[in-house]
Amino acid sequence: MQRYVAQRLLLLIPVLFVISVVVFSLMHLIPGDPAQVILGFENTDPAQLAAVRRDLGLDRPVYVQYGRWLGRVLSGNLGTSVRTGRPIGALILEALPFTLELAIYAVVLAILIAVPVGTLAGTTSSRLADGTMQTLTLLGLSLPAFWVGAMFILLFSVHLRWFPVLTFPALLDAPLANLRGFFLPALTLAVPNAAAIARMVRASLVSVRREEYVKVARAKGLSESLVVRRHMLKNALIPVVTLIGIVAGYLLGGSIVVEQVFAIPGVGRMGLQAIVQRDYPVLQAVVLIVTALFVLVNLLVDLIYVFLDPRIRYA
Amino acid sequence: MSSSIQESDTPDPKRAPELAVIRPRSLTRIALRSPKAVVGMIVLLLVAGVAVLAPLLATYPATEMHAIDRFAPPGTTYLLGTDFFGRDLFSRILYGYRTSLLVAVLSVAFALVIGSVFGVVAGYTGGAVDSAVMRTMDILFAFPVLLLAITVVVILGAGLFTTVLAIGIVYVPIFARTARGPTLVVREHAYVEAAKAIGLRSFRIIRRHILPNVSTPIFVQATINLATAILFESALSFLGLGTQPPYPSLGLMVSEGRNYLELSPWPAVFPGLAIVLAVLGFNLVGDALQEILDPRLRQTWSAA
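Residue numbers (this note's numbering), protein chains in the order written: chain C, 1 to 315; chain X, 316 to 619.
FYI, nobody ran anything at the bench for these hints, they're computed from the structure.
Treat the hints with care, as some may be off.
[Said to hold, decoys possible] Looking from chain X toward chain C, a few residues come up when the C-beta cut is under 10 Å (computed):
no., residue
1, 453
2, 542
3, 580
4, 587
5, 592
[What the hints assert, rightly or not] DEER-style ranges, computed between Cβ atoms:
no., chain 1, residue 1, chain 2, residue 2, range
6, C, 212, X, 428, 43 to 51 Å
7, X, 399, C, 14, 44 to 52 Å
8, X, 609, C, 12, 29 to 37 Å
9, X, 442, C, 14, 15 to 23 Å
10, C, 27, X, 560, 22 to 30 Å
11, X, 442, C, 21, 19 to 27 Å
12, X, 560, C, 161, 31 to 39 Å
13, C, 36, X, 609, 52 to 60 Å
Yeah, the Cβ is synthetic: ideal placement off N, Cα and C, and Gly gets one too.
With the hints as constraints, model all of the structure from the sequences given.
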């Protein structure tokens, strides 16, 4: 197990390296001259352009630029926003809590929905119940998040007025108001992921149904709910953990759409605004941070998986 | 964006004999016995039909504005009502389907061809080539899909074919993995060994022996990815990074409509429902095909 963990951690280095190269190249692949963008398109004074290029280090060879950029990033300096002049690190720190809370909230909601639904579908003896559940989860996978969000706003905020729109107080200042404000966005993000997890829980349960230990548990005279809980779910949920990891990563991406629908000032919305405003250093930082988070979440989930499944642990 | 959730692990070549070789043609025949597949196919025929026949079925030109009929409710004049500019929603949805299906089919075709070539060549050649190709695919997988697509759009500039390319690139590793698995299994079979022994060229072996075995899983994967590609295109268009006006796009329609939910919900409701219908069609067919290929997914009631 230690060897596996070490291997996974070592693999992280090339992956992060490639990500850094891709993110760095982003600045150079985007059409247009960054110096010109910073100066504004009206200003065409060659001397000023050259000065800005020198400030940005754009007159140096590409590998020197990369080295200097990587050095700065590793020391926590993500540069400054071209539009606001503020340090990008500070901007990200302001936005990240919104995105993380949204993603975590959504994972929790997705699991709360998916595990009961998947368990019911995977253990029921009614063909109708299983079929209904299967169709519903397939429908869940077919829903565009931005539309679900808009429909939730229409139904719960505009018509029923159950939930406030566009209010996201800080979690620590007003925990209840915060959880209420984030409920609809989190649910929007949770729906397709809940459907995916529920299908996996079901498939996993169906596959352990015929295992010897389940028969033994039944033969011992254990109640059906105890058999399901202690013997089937415990084993069936192990592979589901990997899916939850993949889902958690998708939530980071999916939150771009949901943040846009609900006007949440998170990292995704920041990235989109950066595209519109041509604030490419900000975009670069957003891509870097979100991708790094995605890689780390996946690593974490893989490690948890190994820990949960003794067959891998002792292999 | 739950596209690549179904990832196929590399099968153990030593357990090869269980590999179900179902050719696409017989797959279709079996699928006709599944109600899920039949319903899905009917939905898809309907969606594809109205997309193709859009110019004949549309009651108004998709971009024609009717200033006095802004936000008209659904009715006899405007089947599904009108939007902010008084444009007929029904006609716009028909043309929106054209964009959705065009982008979905082209992007999946792109990923299918490139990804399968990578996967088959990597699996058949093995060794360093295999490692190099598959590690590259792993790194592509390391990026969150929507973010990767957005990055491609930012670099190339938004437009129909950028969208195709952005979605296609994201899907390449999925098809590479799907194609590599069965290739590894078939490679070990005696008839491939025999073909090698009599000196057949690799290209011919791949065409005659490998491709027939990988085509079914790839076909199923493509069906599922068509569903997610439609969602993907609509999400990019919703964000303003996909299909650009004046091309009608369902995602863009929802994006425009959601600003006026209190005035009239229909411009946001109907295009969204249209997306759901098309995606559900592909998902129903894909799900039924997956069950046929992997019977373990089916619940059995005999024991219950």
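Hints, verified against the model:
| no. | hint | in the structure |
| --- | --- | --- |
| 1 | 453 | holds, 8 Å |
| 2 | 542 | holds, 7 Å |
| 3 | 580 | holds, 5 Å |
| 4 | 587 | holds, 3 Å |
| 5 | 592 | holds, 8 Å |
| 6 | C:212 with X:428: 43 to 51 Å | holds, 45 Å |
| 7 | X:399 with C:14: 44 to 52 Å | holds, 50 Å |
| 8 | X:609 with C:12: 29 to 37 Å | holds, 32 Å |
| 9 | X:442 with C:14: 15 to 23 Å | holds, 19 Å |
| 10 | C:27 with X:560: 22 to 30 Å | holds, 29 Å |
| 11 | X:442 with C:21: 19 to 27 Å | holds, 25 Å |
| 12 | X:560 with C:161: 31 to 39 Å | holds, 33 Å |
| 13 | C:36 with X:609: 52 to 60 Å | holds, 55 Å |
The earlier numbered hints are all upheld by this structure, with none contradicted.
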